[in-house]
Amino acid sequence: MYFRLLALQGSWNYETLNGTGIGFAMEPALRYLPGGTDGAAYRGALARESRYFNTHPYLAGVAVGALTRAELDGIEPARIERFRTALAGPLGSVGDRLVWASWLPFCSLVGIGVYGVGGSPMAVVGTFLLLYNAGHFLLRAWGLRIGLSRGLNVAAALGNPVLRQGPQYIGSAAALVAGVAIPLALQRVAGPGRALAGAIIGVALIGILLLAGLRERAEGWRIALGVLAVFVLYSVLT
Amino acid sequence: MILLEALPIALLGALLGLDVVSFPQAMVSRPIVAATLAGSLVGNPPAGLLIGVVLEMIALDTLPFGASRYPEWGSAAVVGGALFAAQPAGMPGALPASTLAALLTASISGWSMVVLRRTIAGRLERSRDRIEDGSRDALLSLHLSGMSLDLLRGGLVTLIAMMIFGSLVRAIVAVWGSDSAPSHAVVVVVAATVAGGALWKVFHSVRWVLWFFFGGLLGWAALLVTR
Amino acid sequence: MGIHLYRIDDRLIHGQVVVGWGQPLNIRFLVLVDDLVASSDWEKDLYRMAVPPEMEIYFADVVTAIRNHAQYASDPRPGILITGDISSMQRLVREVKAIGSVNLGGIHHRAGRAEKLRYVFLTPEEEHQLRDLEAAGVEVTAQDVPSARARPLSEVLEGESR
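Chains as they are written, first to last, in the numbering used here: chain G, 1 to 238; chain U, 1001 to 1227; chain V, 2001 to 2162.
Treat the hints as calculated values from the structure; they're not laboratory data. Among the hints, a few may not be true.
Interface residues of chain G toward chain V, partial, derived using beta-carbon atoms under 7 Å [what the hints assert, rightly or not]:
hint, residue
1, TYR14
2, GLY36
3, ASP38
4, ALA41
5, TYR52
6, GLY89
7, SER93
8, ASP96
9, ALA101
10, ARG164
C-beta: ideal position from N, C-alpha, C; glycine also.
One chain only, chain G, in its complex shape:
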């Protein structure tokens, strides 16, 4: 099941989102239902669990574990469906905050920092992948285990301090790392020259203030694309 969890989003689509993936990951366990793969219990459960679901892929294990336990314990379908609906959003919210909005940017900054202090390609890539995936694979394993052991009472487990307070601490650490890592990396990319470094940091700060003012309206990568397109055109034509 753990291995199937890694492929949870293989059939992500706009109708069932992660739903079919949840069914896919639970399928091996559901074979233990009375009657096996041809039994009514198995078919009912598989159909139910493959419907629409939307959550964070790393914490989906909590749902897969808890729902598996509920199905194998023979909880009535209506209650399972209600639980399934209520579980998706909170898991998604906790996972998005912890992983996409803290752990990933933090590890990214650490990688950029290793580059900044002169790290070799192997060192940068190795540090980033080991650090990030230590957190990633632990989180997935924890989720599946806690889901299987708690079943329908899994809510309390989401109060785990790592999930609740983690984003704040990781955020503080990320800000600290950003202060060292980004200027160092910029220097290394831009090449030697103090005046140049000063000018770069000055212009970038103005840019950041502008972007911060726009906040949710701005999509940084689109702006980057526009500016670079103009720059390349200008340089080619003159």
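With chain G fixed as given, assemble chains U and V onto it according to the hints.
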């Protein structure tokens, strides 16, 4: 770029494109990794790493949720890394041109994900009755074909992008007009700005966040003085 | 400050709300309006876990929400009000004249619903309800996350060009 040269790169783009969403999401597809691997494939890992760091900073802006289209960085960084690593060292236009090509690829690749997700929804529509009946075969076949299509998607995007941008970037570098020093500087400013804006968006509600950031800057200043 | 966004989303609270809208708008409280959730303790426990420690969450059924709306609106902190379906929002809007706009954040596939946007699927009856909302002077737009464009209702109902 001839087809034979592009094939191994396309294979890497396929594998890393798959990592973004489908399997196993171990972030091997982050630009800092993907571009470095592509650079190694071309025989120039440090160049891959350099553009990887630039793209990584820009990618900090993308939070991968929402039904909206978002750029797909895995295949894009492979393209960027391979292009930049293939240019002769010290050419002034190489970094901006390769970065631009990678950003365009990210955008196209993001669009290809939307197409893929619609295709899977279409397949789902056709096998819905069987899945609603609890058919194991129907579910497994939907899921596995979804993953195979994603693999194919990443490979095709990378291949097409390499065929188009390979010669384009070389041509741009050949006629590049402006000086060499500002060419890196402009890219660096853009990357730093996007990274700063993105980090502010994500972390501005963290308590004392600016003090932590200034603490980091102090550490950087200390390094500058002591070196 | 008060309520910045009136959102219809069948997932209620999830990442798009807490991170996508919550962070850029500095959201500090959420009002979850749903008759079923308001009467179920274990569901409330789950949704409490969904919000970060610095955000407060209030649960209300539609009747309570109508009664307490003035209080939410005068809250010094910025907040978001969410309902899980169109009917609840419609009942709320009918009684609370202060609501000037409603956001469609996610209404997903279910038998009988047709796709309008990638995250909005509607039955004919639901389309009708939304038209009624707009006829009553409430601006209805679809927007999943703040960086996306807000699409007016007329455009949503036409469906997306494929």
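Exercise. Checking against the hints above, which ones are violated?
Worked result: 2, 3, 4
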